[in-house]
Each structure stands twice: as C-alpha cells, then as structure tokens.
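*Asks:* So you can see what is in the structure, the chains are spelled out below.
2 protein chains.
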Amino acid sequence: MTKAFKPRLPLSAAALIGLFPVFQSADAASVASPNGEIVLNCDTDAAGIARYEVLFHGKPVILPSALGFSFTDGSAIADKLEIVDEVQHSFSETYELPWGERRLVENTYNELELTLRQKEAPGLLFTLAFRVYDDGLGFRYEFPEQNGVKALEIADENTQFRFADDPMCWWIPGDWDCYEHLYKKTRLSEIDALDREGLNKPLSSTIPENSVDTPVTMLTSDGVHLSLHEASLLNYSGMTLRVNPQEHMLQSSLVGSRRTEWKARCELPFSTPWRTIQISDTAGGLIDSCLIINLNEPNKLGDVSDYVRPMKYVGIWWEMHLDRNTWAYEGGRHGATTENAKKLIDFATKNNIEGLLVEGWNTGWENWTDPEAREGIFDFTTAYPDYDLAEVARYGKEKGVELIMHHETSAAITTYIDRMDAAFGLMRDLDLHCVKTGHVGDIIPVGEYHHGQWMVNFYQSVYEKAAKYRIAINAHEPIKPTGIRRTYPNAISREGARGQEYNAWSPGSNPPDHVPNLVYTRLLAGPMDYTPGVFNIKLKPYKPDNQLNSTLVKELALYVVLYSPIQMVVDLPEYYEGEPAFQFIRDVPCDWEESHTLNGEVGQYVTIARRERGGDAWFIGSVSDEKPRHFELKLDFLPEGKSYRMVKYADAEDAHWDKNPCAYTVTRSVVTRDSVLTLDLAPGGGAAVALEPID
Amino acid sequence: MTKAFKPRLPLSAAALIGLFPVFQSADAASVASPNGEIVLNCDTDAAGIARYEVLFHGKPVILPSALGFSFTDGSAIADKLEIVDEVQHSFSETYELPWGERRLVENTYNELELTLRQKEAPGLLFTLAFRVYDDGLGFRYEFPEQNGVKALEIADENTQFRFADDPMCWWIPGDWDCYEHLYKKTRLSEIDALDREGLNKPLSSTIPENSVDTPVTMLTSDGVHLSLHEASLLNYSGMTLRVNPQEHMLQSSLVGSRRTEWKARCELPFSTPWRTIQISDTAGGLIDSCLIINLNEPNKLGDVSDYVRPMKYVGIWWEMHLDRNTWAYEGGRHGATTENAKKLIDFATKNNIEGLLVEGWNTGWENWTDPEAREGIFDFTTAYPDYDLAEVARYGKEKGVELIMHHETSAAITTYIDRMDAAFGLMRDLDLHCVKTGHVGDIIPVGEYHHGQWMVNFYQSVYEKAAKYRIAINAHEPIKPTGIRRTYPNAISREGARGQEYNAWSPGSNPPDHVPNLVYTRLLAGPMDYTPGVFNIKLKPYKPDNQLNSTLVKELALYVVLYSPIQMVVDLPEYYEGEPAFQFIRDVPCDWEESHTLNGEVGQYVTIARRERGGDAWFIGSVSDEKPRHFELKLDFLPEGKSYRMVKYADAEDAHWDKNPCAYTVTRSVVTRDSVLTLDLAPGGGAAVALEPID
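The listed protein sequences correspond, in order, to chains U and A.
The numbers in numbering that gives the first Met the number 0 rise by one with no breaks, and the one at position 443 of the first sequence is 442.
The numbers in numbering that gives the first Met the number 0 rise by one with no breaks, and the one at position 626 of the second sequence is 625.
Heads up, some of the hints might be wrong.
Note that identical chains are pooled: a pair holds if it fits in a single copy or bridges any two copies.
[To be verified] Heads up, simulated SDA-like pairs for lysine to any residue below, C-alpha to C-alpha not over 25 Å straight-line: (1) Lys-537 <-> Arg-672; (2) Lys-658 <-> Thr-671; (3) Lys-342 <-> Met-310; (4) Lys-398 <-> Tyr-383; (5) Lys-539 <-> Asp-694.
No wet-lab data here; the hints were simulated from the structure.
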C-alpha cells in the first residue's frame, strides 16, 4: 500500500492539461479524471444556482444540473449562491481490503472543492466536493461548523441528474421499505414506478412517488454506460431519484419518516453521502469500477481477521421455503433441530463448507408477523426445546464449521435495540462471530421506514456494537450497500434485492434475466447474499408449481458472478449427491485477489474471472438471460509460462432453463494464457470454470 | 433360495433327450447341460484308459482326453480301468452371496458320476464327477475310503485337455511362486513360458517347465470362448497346465515341493479340486459365468455381516511406491505416522470411503527382504515409535473409518504361523476386522512354493483362524482364487496378478491391454485387489520416468470392470482435489445386486454394468486396449417406466493414454431403458457411467 498525496492543483493548471469547460460563467471550475476522459464542470448561473455538468470523451453525459436543498423551515439552498473558494488536488493510494473482489484497490482521483455561500441570509456556507476518477465521479455537500446553525432539518435534497438524451434505464421503484423488486428496463421517460403490475408485494413496501432506487443503471444513445448511486450513506436518509420524464431528469428524493417533518436532520459539521456516477464505455466497466468503495472512509475497525471470515455456508433455511419444514416449533415440522443441524455440519465438513446458518432456532416464530404481537416477541436468546444451541455450536466447532446465528427482528427494531447486548453476549459466550439479521415487516417505531435516516443510524449502530462483540453482520432487509464495508469490514454481506427464495414462492420466480440485471445494478453497490446453489431446479416434490428459471450450471456461475464473501450452498444435501458439478461449489472460494469482467451487456449476460485470494487458482462465471450465448474468450489474464488444469462446467447442448435445466457437461483439460476458452450458454443458462495451476 | 434335487437320470433317458456320444465304447456315458448345448461324454477306451470329451453346439471343443494320476511309488491311475457304476442327477438352487458381483447365484447343472476301478492291483476305486452347466463344466476325482489305502502320494495328476484346433490363448507362465506376469497372446502351439523376455522378475518366481497358469483363456477357430481353471482348491496343490504344442494339448502339472517327493499327499477319502472349462459363444459370457463359485461348497462361516464389509479404502501405500515415503522407519521418510493416518481418515470421511490401510506401521521393514534375516523379523504387534496404532484405530472409529491392518510376512510363513494368534488377538483388542496379508519372497520353510499343497493349506488355515477372530483376509502373494470365497466369505479379496504398483516401478508399467486381459483371465477366478484410482497418471514429480499407460477415466472404469468387494482409492488425496471425476469414486459402491457384461472381446475391450446391492443405482465401466472404441449400447437392463439421472465420465475427444491421459468430459443427462448410451473410449482409455433413479 502506498499513499501519495499530491499538491493541490490550481485551476489554471487544470486548464493547461486540456479541460475545456462548457460553462461560460466567470466562476466556472473544472476538474478532469486522471486519464482526462471525464470532465466535471461546476459554476453558478446568472441566478446564482449551483450547477454541474459531466463530459465523457468530450461529450456531455450529465447536462448542467442544479444542486441544493429545501429545509423544513421553508428556506432552501437553491439560488443566489457564490463560489468563495476553489481548491483542487490529486490523490492516489492503493489500499488493501481485508476481503473483497480484489485485495488491493487503487484509489486515484482529482478533486475539486468549491466552497459556496448564500449571498443572502442565512448565508449558509458549504463545500461541493467533486472527486473525479477514471471510472466516474462522486460529489457531496460538506457543511462546516458555522455560527448560528446547529443543525439542518432537511425537507429534501434537490440534486439533479439531467441527461443529454432519454437513456435506457434498468430500475426498481424508489421503495422506502423494500428493494426486493424485479428490475425493469425502460427509457427514462417511460419509467412508471407506481405501476405495481408484476411487482412483488412484500410484507412491507412503500412507493410514494414515481421514483427509482439506486443503483439505477443506464445506457445512452452514445453507448455510454452510467450508473447512479450513493456512497458512504451514514447518518442520512437513503436517496431515491424522482423521475422527471419530460426533462429526462432524475432528482434526489430522500426517504422520509411519518414521525418528523424532516427527511434528515444533520448537526453541523456534516457531509452528505457521495452522489456517484459510474461511467464506462463498456457494461463490464461498471462492474470493475471501485468508485463506490473508494468514496468511503478507510477501515475504522482495524484487524478483523479473527472474526470476519469469508466462507461458504449451509443452512436450515431452504427447506422452510420449500415448505418441507417450518421456522415455527408448533405444527410438528420444526426445521431447526439439533439433529438436523448436526447432519448439516457433517455435510459441510465433507464439502469444504465452513458455516451453518440455522433459522427458526429461537422462540417467537408462531406469530412473528402478527401486527398485534410483533413487539417483544423475539428475545434472540431462548431456543426451542428441540434445539440445543450450545451443543450445535460445540459440535460445529469440533468439526470446523462455524454456527451463524440468526436474529429476525420482524422489524420490531426497538425490541432489538433493547436486546442486542443480550443477543450478542450469548454469541460471545458461545464463541460465535457471525449473525444474519432480518427485519421483515413495517418498522417499529411506527412511522419509520427501512431506508430513512433513523434506520440508517440503527443499521450503523448494529455494525458498531457488533464490532465490539467481534461479530460480523449479514443484514437482510437492510439499507442498501454504499461501500461502508470499507469502513466497517464486519458488514460482511447483505440482502437488499430479490434473492433465491422468490423462486420457491408463488407467484414470484426470478426470470432468466434477473441475475444479468442484478450484476449491473444492485451488485455494483456491494456484496449480496443471494444464496445460490439450487440443483433441484424444478423444486419437486416440494413446490410442484414453482421452479427456478435457470439451468443448474447457471447456479454454479452465481458463486463467481454475484460477489459475496459469504456464499450459501443452499439446496438440500441430497440434491448434491452424485452430481459431479458439485465439485465446483466445493472448490470455489469466496475471497478474491483480483477480479475482471471479461464481457457483458446490461441485463443480458456477463462473464467474470476472479483469482482466489492468496493463491493462483482462477474461477470464471458466466450467465445469460433467456438467450443462448456463444463466447470465445482469451485467457490472457493468466500469467506467462504457466499451465492450468481447466475444469469447465457447461450447459449441455440441449439444456434450457425450462425444458431441460439440469443437463450439463464437465470438461477437464489443460490450458495456458494462449488458449481460447469457448463457452456455450443455454437459454437461461450459464457456465463456470475452475483453473488450477499445474507444474 | 430354493434347492431342488431331481431324481437321478438313467443314461437311457440322457440318450432320449438328444445326446449323441461320439464315443462308440460300450460303457460310454453322457451328460448334457440343462440347455442341451454342452455335452460331456466319458468312457474307457480299449486299453481301459478313462477319457472324456466335450461338445458345444454339437461340435467338439475338447477332443477325447485322458484322465489319471501318477504316484510316488511308481504306480499310476492310467489304463486298465473299468466303469463300475454310473449315476446321473440334476440339481438346481439359487443361493445368496453375502457379497459379490451378484446377490443371487443360480446353480443349475446335470451331474454324471462315473465310478471306476482299476482292474488290476491295487484296484483303486474312484469316481469321476462331471457337472455340466449351461456356461461350462467341472469335473473332479473323488476317492472314497477303501481298504488298504490310507493316503495317495501324488507324483502328478495327468488330466488332459486336448483341443480340436490350435486355439488362441491368453496366458501367463505356470509359475510356482508368482502370478504377477503380463498376459501373452499366442496360439497354444506357440506358448513358450520359459522365454522370460519381457517378463517381470519378482522377488520370487519359479517357472520349471513350459506350462501356463490358470485361468487360461482361449478362442477357437469356431469362435468358441473357453477358459480353463480349477475350483475349490483345498488341501491340494495348485494346478498348472503343461503345454504339448504338437498335440494342441494341455496337461495338468501340479505345483511341487523340494521337501517331498509328492506334489500332493491326500488321505482318503478326498476329492481333487474341480477342473473347470468355461464355454461361451461370447467373451462376455465367460465373465458372467458363475461356474467357479458354483463348484465350491456353501458358506461354512455363517453370518459374517458383522465383520466382512465391502468398502472403498485409502491407504498409506501408493506414496511408498512413488518413493515419497518409505515403509521403513529409518531414513527419515517414514510413511506410517499417526499424523499421516489421521489426515487420510479425514479425507476418507469426506469422500464416502470407509477403510484405511496402513503399511509399514510395524517394526521390521529396515531389512525385510534380507535372506539372512527374514525369519522372525516381523512380529505384527510392535508399531514404530511415530505410529500410535491404538489412537489411529480409535480416531478412525470415531470418524467411521475402519483401520485395515497389514501383515507382511516376507514369506517367513512359519514365523507368521507362530505369531498369528498374537497378531489377530491385537486386532480383536482394537476391534479391527480386516487385514491385508503379504508373502513377498521365497517361502520359508525352504523348499516350499507359494502355490504348493503346503501353502494351500496355510492359506486356508489363515481364513479359518481369521474367522474365529472375526477377521476378513485380503491376501497378497496369495494362492489363486478358486471360488472358495463362497465357502469362506471372509476371503474378501486378493492379489494374484500384476496390480497397480507395477506402474510405479521401472521398468514395468502395465500396457494398455493389461486390464482387458485381466478381465477375461485372472478376474474370471474371483475378486482382485488391483488398487485402482490413480489420477496423477504421469506420476510427476515422484516418478518422472514412469507413468500409467491409461487415461484417467479408465482408472474410474476399473471400479466396475475389475470386481472386488474392497476397492482401494489409491492416489494421494491432493490429486483428487478439484477433479469432478472423483465424484464417480465417491459414488461407486463395492457390492452388487446383479452384473451384466454388455460387450467385449478378450484382451481388447469390455463393458460391464452392475446394479448396487440393495438399491436401484447402476454403474457401468468400459475399458479398451490401445485402440479407440465407439459403442452404442442399449440400456434395456433398466426397468420399465423409470427415469435415471445419468452421469457419464468419458475420455475427451483428444484424450490418449500417453499423449493426453487426463482430458475428460462428464455429461449429466436423463435416460430411460429406451435410451442409447454412446461411449467413446480413447486409445488406452475407458468410460464410467453412474445411473441414479429419479422420481
């Protein structure tokens, strides 16, 4: 790791290196990406409105767009602004992630900090910080301490993103409670987030206006790939983007609360999250971008290697979604029994799987979604009588399998806050270090939403408290990832999208293009606990009317394509018996030295290659939508002079996500960097490849 | 199981059912197989010589051949014999094997018992018993108690097999000490067993004349497949067959001893082993024949299910052949350490392998082949200091892996006889129930040979004593199998042929046709502990000048093709890592409900299908010699109305035993009995298929 602070660059110098602002204002400032291909201009217009625009390869991708806020007292940061200071500097460092898609992350940008002041009372002072990278940019509002202003009560943030054309968008609704929607593909002008047709109706969903959530990914008529999101969402509300179809514009619309007038209340000094725009010529460039994580603060937790451990895990979980067993004890089909847990530990031990998640282990599941009974129903410490928690933990430790705890709060957050110390204390006593949290339902306290400031702060407080107990958090029904895993590396994974379980629900199966959508949208934001690995694609005999819209091999590919440091091995063990394809799941790691996207188009297909952390083995995953694909790929990412044993898992010639999902071939050969890898993906299919160096 | 004794059939009745003896003698007797296709005639000729002949489909396959003995006192059973009694009867039963290629064995034959008497002194009385099956016949000499004769001291048995033409033969030399030779293919008239060119030179080998060992397999110019062997070799010497090239004849030549004038000494009453002739239109018919086992006595040990357990096993063994480690403790590369054993137990536990063989665990290996020191060198109870026998046994039991003991006697048989009780007693104390015995070197007592009567009796005594200790025996450097596993089902497997280890020795690799030779010769006699499963075909880096002359997939096929109820998983665990083909080894069982040979030609190729004992899964193995093969096989052995998940492990298109041995494909599909299975075997390659019923 190297850190190299470069001296601040005066604007004149920026002009010398070829930045040609479009703005003609006297106060126009510019900053370009290190490679010069992205240019950010910012000025104030005649009315004193702060505006920014973004150019890529010399062409505008964001037209001049206004920046500002409205406050609950009726005031606003809108016009009559003046730029009072301008600073530029360059920064470059390479830092190491304790776990991730890559070990080393390059963080190189040019920064423009413009300090603005309201020319009229209250004369608020703030800085617009723009960091421009080769793969996009981020900007945020920074409010320093200033006289007479203790806090800002934000009615809304009014950051605009005005597009040069009507881009194609891959989007989900701007839901204040739920991210578990299917992605839709429309032009920006055709987005209708209020049309709930075909939308999942989860237990808790609030879509108050025609807005989209982030990341929202776009393709312009110039072939430029964009994705809008935010980074380092802390002590602030989640941002949705309100659609202005006429003006081809999106504008920030924060998640609110029914308990407060404000959508966010921030004591000075404070900075908003970074508003991020990933920009790439290729769809794969979005995936390989480190913009989001770079725009987060460095690790605050220090060395977490004693308790944050990338791993595959099995679980008492899928069988409940299949209705074979139940979370609840009553009814005689309780899944979380000591015996069942031990069987899964034995299975894990045999198959290079290091974790076991047990859901439904604790009392409360008989009426957990009852609106009258949710508060206080779970205590996170009392096991059902047929589940010996300590014995399962002990047996797992003996066999090298870590028990992953499960804390479902049923969104009774105040209950969890009260009981978190007891819950984490029990884990400390049992030497357990990972918990899956879940917050299904409407938030208690009533009036809060999953993605508002109150919950953002709650989610953060869980990471902070968990860190004290040396516990890693896999949050379901989470706030969206915004790269805070860099700051809190115990944020090991999260849900926040439609995962595998929808395939067992009726109606609700994820369509063949769901994963190619996820990769270019939700996954740009950070790891997802999608829970891959179903081999019993048709779900018989448990769910005869449901199925995965996927081939078996595509399920393998998910272990590479959908990055997460913890990856479930989700199916019932009996469905892995006798399947040579299971070898891929045994072999595939969850932690990577480097990652490269080899090809792809948003929502259509993607192929990603990753090298195992601390090793020389490579793994490749490729997935398609409902179309078959033929790829011939270079292996030139392999080093010179080395041979690799290649094991390729491919859809059989006659495979098809619906008609023949389980037919596959495995091919074992020897390759070098000069070899060409041919992949043939079935409709709705995939491919998975393991490359192990040989002498 | 049913037993149905039919009433004795008079010769006139035999004539009525279409038997037309070639012999014209007045005393000619005939018996035919149940299907009438095999006819056995026996008479005495004008000189009173007892003769038999065999017809198949009405054509002679054995021309009139003489029967008799010579004794050490110069007397003989040769001529001047008369038939004094003739009895015929039919027999049919179906019995169950505790383990085997099939659970139920049909044993249906017609028997002719001719009692003969020497017309002159000493007037010996004996019965020639002929049992004629649809798949061949066996005959033996039975000597009842008779006045004045306590025992016969046999100088040699003079049973002749005179062929109608000069058949093609697959043979190994008639070695009195060693069966570990490569099979040669020549016409009978061209057999030269004394030409040692290209022969392995094992530690102990004695080839006193131009004879062959049994089973010797033949193909006549009429396309009839024959194999000569013996069944139920107990208290007698092993039979070799002396070659008479001029007369296209083989004649029994018993293994002798330098300590006695006789080759066998038998107290009356006694019966010789059965001399067997398997006869089939197809090569595969020889494999599917149960003649050898049928000609053995029923199980004498009763229920052995508590200790005789078909299983796969790993071992501290191959690494010594690779010279990575040593049997001996001195030298610093001792293989049999507690740590190494535990690692292998862990590996076994993960991979559906239930046994662990540890060689080199006990003191004595520093100079075990020293001719001056062999006697008394091994005590079979004292472990080397780095091997905690009790702890390994305990750890294995905890993990569900049975420790297989190893008793190498270095052929100091008298030492082993003295110490067997102590050795077996230790196993009883440790609750161990399987031992691999080894008898490398010249036999002590000096003058005895591995295959003589003294050793035959020793081998039997080991089974009998072991049964008392509830121990199963896997004998290496054994007497050949003659079906006594039916009588002593603790005879769980044995060596008695060139196994895998020759591939690590220089020079000595088994050629590509070795397995297709074995299957139609040695394996007709009974199970072989070949120790398959090498994945590191080129043996690098351990033996850069050696290799297997095989593809990786052919090694898989051996688990089906080379039947043994205990099958080693021989390679170092690291060579199985990341190999999807290892799934076949995990899945393949060692005990079968039924077996069928689907195709084959002696020494060229064979495909065998077997159904798992007590289950519905099928496994198919196919191997070739150095030629590539394309097969299209019917799956009509599968039941109606069932679908099967088929996993086919095949050589890759460009695979080759020498040029590209590890390239393979695995194909997973769904089939029914109406499907056609296509197998493409590489030169020197194979195929392996697993069929699992699905709902």
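*Asks:* All hints are to be evaluated individually against the structure, with a verdict given for each.
*Replies:* To see whether the hints hold, each was checked on the structure:
Only between protomers do Lys-537 and Arg-672 lie at most 25 Å apart by alpha-carbon distance; the minimum there is 23 Å, versus 38 Å within a single protomer. Taking the shortest Cα distances, Lys-658 and Thr-671 sit within 25 Å of each other only across copies (17 Å), while inside one copy they are farther apart (35 Å). For the identical chains of this complex, Lys-342 and Met-310 are neighbours both inside a copy (19 Å) and across copies (22 Å), given an alpha-carbon limit of 25 Å. Taking the shortest Cα distances, Lys-398 and Tyr-383 sit within 25 Å of each other inside one copy (23 Å), while across copies they are farther apart (29 Å).
For a Cα distance limit of 25 Å, the shortest separation of Lys-539 from Asp-694 across copies, 9 Å, qualifies, whereas the shortest one inside one copy, 44 Å, does not.
Of the numbered hints given earlier, the model fails none.
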